[in-house]
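Residues per chain, in single letters:
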Amino acid sequence: MNFAAISTEIFILCLGLFAIVMDLVLPEQESRKSIGGVLIFSLTGWFLYMFTLYNGQLDPMDPAAMAALADRFFYQGLYLVDNYALFFKQMFILATVLTLLFAADYVQSVLRYRGEFYALLMTALLGMCVLASATDFLTMFIGLELMTISFYILTGARMNSKDSSEAAVKYLIIGSVSTAVMLYGISLVYGATGSIQFFEVCRSPHLFFPLGIAGITMVLIGFFFKLSVIPFHMWAPDVYQGAPTPITAMLAMGSKAAGIAAMMRALFVAFPMLGIYWLPMLSVLCAACMIFGNIMAMRQRDVKRMLAYSSIAQAGYMLVGIIAADPAGMKAVMFYATLYVFANAGAFAVLSVVEAQKGSTSYRHMAGLAQSAPVLAAVMTISLLSMAGIPPTAGFAGKLYLFTAVVDQGYLWLAFVGFVMSMISVYYYLLVAKAMYLGAWDGSSLAVSGSTRAAVVLSVLATLLVGVWPEGLAELTNLAASTFLQ
Amino acid sequence: MFNEFALEHAWLIPLLPAVSFVIIGMLTRSYGRLSAAIAVTMSTVSFLLAIGVAAAVAAGNITVDAPFVQKLSWFHIGGVEISMGVLIDPLTAMMLMVVTTVSLLVQIYSCGYMKGDAGYGRFFAFLSLFAGSMLGLVIAVNFLQMYVFWELVGLCSYLLIGFYYYKVSAREAAKKAFMTTRVGDFGLLLGILLLQLTFGTLDFLELQQLVPLYILQFGSGFLTIIALLLFVGPIGKSGQFPLHVWLPDAMEGPTPVSALIHAATMVVAGVYLVGRSFFLFSQLPEVMTVIAWVGGFTAIFAASIAITQRQIKRILAYSTVSQLGYMMLALGVGSLTSSFFHLMTHAFFKAMLFLSAGAVMHAMAEEADIFKMGGLRKKMPVTFAAMTVGVLAISGIPPFAGFFSKDEILAAAASVSTPLYILATLTAFMTAFYMARLLFVTFMGKPASQEAYDHAHEVGWFMRVPLIVLAVLSVVSGLWAHLVGFGEWVRFGPAQHEGINWLIAGSSTVLAVLALGLAWKIYVARSWDVDAIAAKCGVLYQLSFHKFYIDEIYAALIRVFVDGAAKVLYWIDVNIVDNIVNILAGLVKAVGELLSPAENGQAQSYAGVYLCGVIILLAYGVYYASKLMAMLGGAF
Amino acid sequence: MSELAGSAVFFALAVVIIGTALGVVLNKNLVHSALLMTACFIGVGILYITLEADFLGAVEFMTYSGGVAILIVMGVMLTHRGEGVPSNPFNGRELFAAVLAAVFVTVMGLVVTFIQIPPGGGFVSGDTVADLADMMLNTYILPFEIAATLLLAALLGAIILAKGDGEA
Amino acid sequence: MENFPLLTTVLLAPISAALLLCFVSARAVQSVRVICAAAMTVALVLTVYAFFSYDMSVGGMQFMEDVPWITDLGVHYALGVDGISLPMLLLTELIGLAAVFSSWSIEKRPKEFYILLMILIAGVTGTFIARDLFIFLLCYEVVVIPIYIMVIIWGSTKRVSKEYAGMKLTIYLLMGSAFMLVGVVALYLQAFPPEMRTFDMQALAAAAQAGSFSEEFQIFAFFLLLLGFGSLLSMFPFHSWSPDGYAGAPTAVSMIHAGVLKKIGGYGLIRLGLLVLPLGAKFWAPLIAGLAMINVMYAAYIALAQHDLKYVIGYSSVSHMGYVLLGFAALNVVSVSGAVANMVAHGVMSALFFAMIGYVYERTHLRSVRELRGLAHQMPRVATGFMLAGMASLGLPGLIGFMPEFTIFVGSFSEYPVFAVLAISGIIFTALYTLRMLARILFGPRDSRFDHFEDARGVAMMPLIILGIALVGFGIFPQLLMGMVGSGTEQLLPLLDRIADAPAVLGGIR
Amino acid sequence: MTIGLTHYLLLAAVLFAIGMFGVLSKRNIIAVLMGIELMLNAVNINLIAFNRYLPVHDLSGQLMALFAIAVGVAEVAVGIALAFRIYHDRSTINVDELNRMKG
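Protein chains in written order, with the numbering used here: chain A, 225 to 710; chain G, 1155 to 1790; chain P, 0 to 167; chain L, 12 to 521; chain Y, 165 to 267.
Treat the hints with caution; some may be incorrect.
Residues on chain Y that point at chain A, a partial pick, calculated with CB under 10 Å [stated by the list, open to error]: (1) 168; (2) 169; (3) 229; (4) 250.
What the hints contain is simulated information worked out from the structure, not anything from laboratory work. All values reported here derive from a predicted model rather than from experimental measurement. No residue lacks a Cβ here, since even glycine has one placed at the ideal position from N, Cα and C.
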């Protein structure tokens, strides 16, 4: 057993336990900001440290390189910590750090159980990290459940809000059904192949039997739920709207990306042979996401809810890269997921300020933001435009990567749908901009704390930087994608 | 010496007035007298240069067959090469003379006429530009250069006719002038484009070489079309039927402008264009016939309107249309010489007539209706004298200028077509009649309004001198030109040495005298009652008085086919073309509405949808797998 | 066990499981439902034992029939104050649910008919406890630990959610 | 000067002004304006320098800069100008400076306004100097959002609300660009094998010449580009954003949008459509010509029925773009040159128009032809501006509008005689609506309502002066422009010869 | 008639379907949770039956089932806690009334 391989998970677990312990130790009146601060600093440190863990391109002929690769497993072909996993873990940590940054005030003013909030956020993060590395259905399932259950609780963490508990119940009911369905799928895959390990599953010819295909379908549906792919998306708007804003952000950036990470690994490691089956299905679902997600987003009057629908559409865009089913597509997905983290962090940071101070995130409450907090309005606009894929934000480069990858595989029609719908999405993003820039200003100004300011500035700078200089991120994703199956 | 200098620097002739326009427009606009001085100075220099050029032409070997040319590339792109330059031949020299003379005199006249007007400086700027444009047109070496200045002339006419921009009528008249000529320009431009495409050049001299070869090779069918299109331009510019409608309205401008437009610039541009491209037209008999008949019809048509008009400038305007018809007729029957002869004499006497009319109106406090004048001969002797000279000249009474030129036209017409000759002769009779009417009603008899009469006075020297000079020219230019052999110089093909055809000249003179007498009888002796005659003529009188309702017809056509269509198209644009987009947007919205009830907030319906999705995908998966198994068969 | 006895046991268990399960979902009384569910779980546990998964059977008895059932009954008790309005018995939603369930069974039935059971039988462990422990503590130690964390998180969450905003 | 990054400086001038403005107090309005004016002056001076030091005898791309940027996509920071783009660049900077001056008196949130304006100008500049398709697209889309924000905040509501107008404009352009993007992506993938992929437009053109694109592909991809660039160029039936958009937009945006942004469509059609997809261009040319004719006639007619000045000019610009399209569709050197020159010409005149309308509207808050009258009395300078622009618009020789139109007519007549004749007849209608409009608003009796409005003076004169010089200068010396354009378009000659006999849609009707 | 894998799978499917029915039709949150438990149990039957009847070399099916049980328990625990919350908030645990957010 190679414990170095799970150092990240151990570290995060320790942080979670630290949060619980500190919560018990600290006096009742103490604000739990210090916990958040510690988490932010340690996670940032670990995030930077993780850059040293990447491997270069390995030569399969070179035994020493292969030995190094073998070191990346926790136990005999289980739990692989390759560049791909590292990349996603870094992304999750990044998302968490950004969330923690802007959540500090929100947690302080809105939430009741602060220490627990931090602890559960850590367990959710742990679940995501497990998902990125899992190479068997058991680990994957447990990771998924750890993340999901943490999110059930976090969603219901706004004790004074009826929406919050309602959202949590809905999330729990549909999530549990989804768990059951996915487990059923896993059981069928197990039945077809006799194994729960990806590397063995992919070798079994029995996957082509109805049992295997039914199993794959149900496993995929489990992921679709996480990604909120139409028609498994129904929970998303309500949950996004009801959850505390930082948690909504984590759902959008973390939970979704973790789903993608695990799904890509499952698809490309366990079921690659069945591409002929799942590719057409995926492309139809992907188009549905892009079309209906955007259309439904148009009629929303609450920004969080709008972002929920928009995230459905975004899931569609990410699926585009999966459909390409090649390193270029994978790279594009990872690239897009990362920039989506930045865009979401910016948008939700703004929303958390607005919600904490104005009580709601409806368009009406966004009015006049350009005057009460011009920086926030600018950040919001840029983040939303990044989601829409308007240059010079990162979204443009991301979409270009995605659609070049998929058109290269012959799916020109998807590119059509994608580009047209992303331009339509500008419509409702601009409605937010309109509310912020044109809406009547009540004369008040919003207090923005230093950490929130740091979060918005960081995220928007990253969005713009990646937009005009995508090279750095692209190289990293390229490395992660091209070494994926070595 | 000066002659050569003038010839080499002929490009200065149009440029100087243009420069004066720029100077006045940019700098001295608010200083009226200074502006006037600049303008007149420049015009004078131009005039001197023009004389120099004319002298050089006369002295040198510059003939119609061997012109003097200077060229400079204006722009070139691909295979299209467009030059600007100077082409001097006797035709040009004559035109330069006429234009500079008239414009100089008009400018001098304006110094007096426009005194006190707020736009004094502006007026001289425009006048300068007008002269410059016309001169540029005259010296053009190719069709495009000509078109360029042609358009600029149009612009200037627009600016000057609308000079009193605060008057709605002036504004509308200016617009009408521009629009009407624009319609003609459309044809002209088409013709020019076709020439460019057919021959690859627009240069007059090159075309002159190419056209006969082309006709030899391909026949004249296509060229006929081109020539007809080209002729549309002159129809508009020179006020030929049916595009004559703008000319009478152009009276809304200040009177010097009318003089300039109607005498030496603008309207004769059309005649000049046909003359300049006579190498083309003369090869195409069908086109020549068209030109002749258009000219002939215009001449009698305009004359028939002029008879009943009451406003002094309007009468003159219709007479201009009529005389232009004459010139066209002359061109149409192939006599370039007579046409240009008439152009020259007409320029002088018509300019003078207008200036005199201006003097009269000036004296009568801008009263234009001749029947509200009367008896002015005592108050304004100089003007009366000038006017009389003009009337006699236009009526073709020897030895005034008009006699010689008109006679040549009639002779030319007679040699080609008898109907045209009769038409022209009839026109001559009518011309003499209505001009005499104008003269008699205005200056003879008793004042219609004593107050106005008392107010009237002779004009100042600034205005008087041009009148006198022009009067002199109106008297002598015909005879002089006849004697020095105008036809030797201004000609197309071999010179025609025809003396005066005494039969034709005599008959037309007799008719003119008869007309004068008739007018005397009616308007001075009052032997017959004017109103009674008008009433007797009934419909004819009404038609003539209302200009055959051409304006009304046009207005109606425009209202229906232009504005009406515009409204219809706008409706289509807003309600159909634009609405398609709105409908699409609505469709998208509707889909949203349709889907939104599914999001009813109930966890169990969400789970239901979810499970439905599961089952559908499962069913598809099973179906797919069974197909796969059937396909693979015993592979496993 | 003879084949016939095996069949008999299976069918008996199947009848019990399905019957009680139907009872759970069709019964209007929540307490009855909870009790029936316990019975159902006991049936399932026995079924595990017939499948030679004795440890799983034991776990089933303990956690489901014991823990979960008690949890649920407690939940019913705590929230049942005067409620339990039986909705109208057979409305559209139930019809929809029934159809959906039926279609699911049909599809899965189809899937199942395609199964060719490979020869050789399954893996029968002599000592399931030892084998499971071995896997759990060797190969799958990581999921095991994470499952522990999961339970911790769920515990934590259950506490704060149940505590709510009210008490300190 | 040899290695001076001239184009980068031109591009950076507005960007750095925008950045600088972020740190200037919003109350220091005068410094905000001066910074922008200074930046644009620098850009204009450099552009003029480039214009006159461009070596026409050599031709091709000059002032080149090339730095690798995104290697895995094959994107280079590659700038350069040739005879086609340099006039457009000059136009951009001219109008940019004029727009800065004409926005001088904006009272409402001027700092934000100028920041957005600078971004807008930088974006437009970037599209014209980019040699790399990626930069082209990037800069093109960058401009859309600032425009939207500027319209909804500083715009005006007339027939349609400014929010609607802004949204319509934005969505139209973005939808067009969506199709275009698909085409570009397909193009990019098709041109080279994976390792050699590049967005370099010259390389793509070379690939086209080498036969990387099959005819079917070219036809398909060009159609997509046509949708994109056509809607940008307000090609019928994708034109309806244009009048509404201009009517809603603030003056500076109208100027830049009508003046330069629209021209990106025509520029793109030539730079990308013709050079990279010649067979596609040839195939669709008859359709374009037909639509061009509709553009000219239809829009000119509709302009006749308008009462709002901005709508008149809006439809007029649609009509003028018809000439550009016609010039493009004829696909010969003369006509394409005319199209390019006409874009410049229309840019200058429409910017001047909008500047004048903006001035009048700012003072009187009237824009209706029915209500304004006799402005020549009170505002002779503004009237001069109107007259200049109007006369240029109706193609008066001696002003910038004539020679391009003539060139287009010469070039297109032989290809599409029928369409050309109809399009040429458009000069009549253009004259009609222009003269009507001018006559009603400028001339006629003095209206005392306007007595207390003063004529343009000082800074307000700057747009008139800047654009007026261009209007008259290029009009009298067309070779200045035509020589430059010609040096660019003559390179097309071999290409155009090659496609002369390629098949075309509708059997290549003429 | 031999009892084979098929029978177990069918039994599991039926149980799963009944659980589905329960989830979709019950009004009470706790009843819905019961439905979910039934579904999870059905999966476990599947896993164990496969482990018993397929030629595999270890007990991973059973292990999976074990973990599934743990997860199921955790979900129920959280679910019931949430039911408390809801009941506390609104004095009802009728799922139908949880529709503040929609559209």
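Sort out which numbered hints this structure fails and list those numbers smallest first.
-> Per hint list: single violation, 1.
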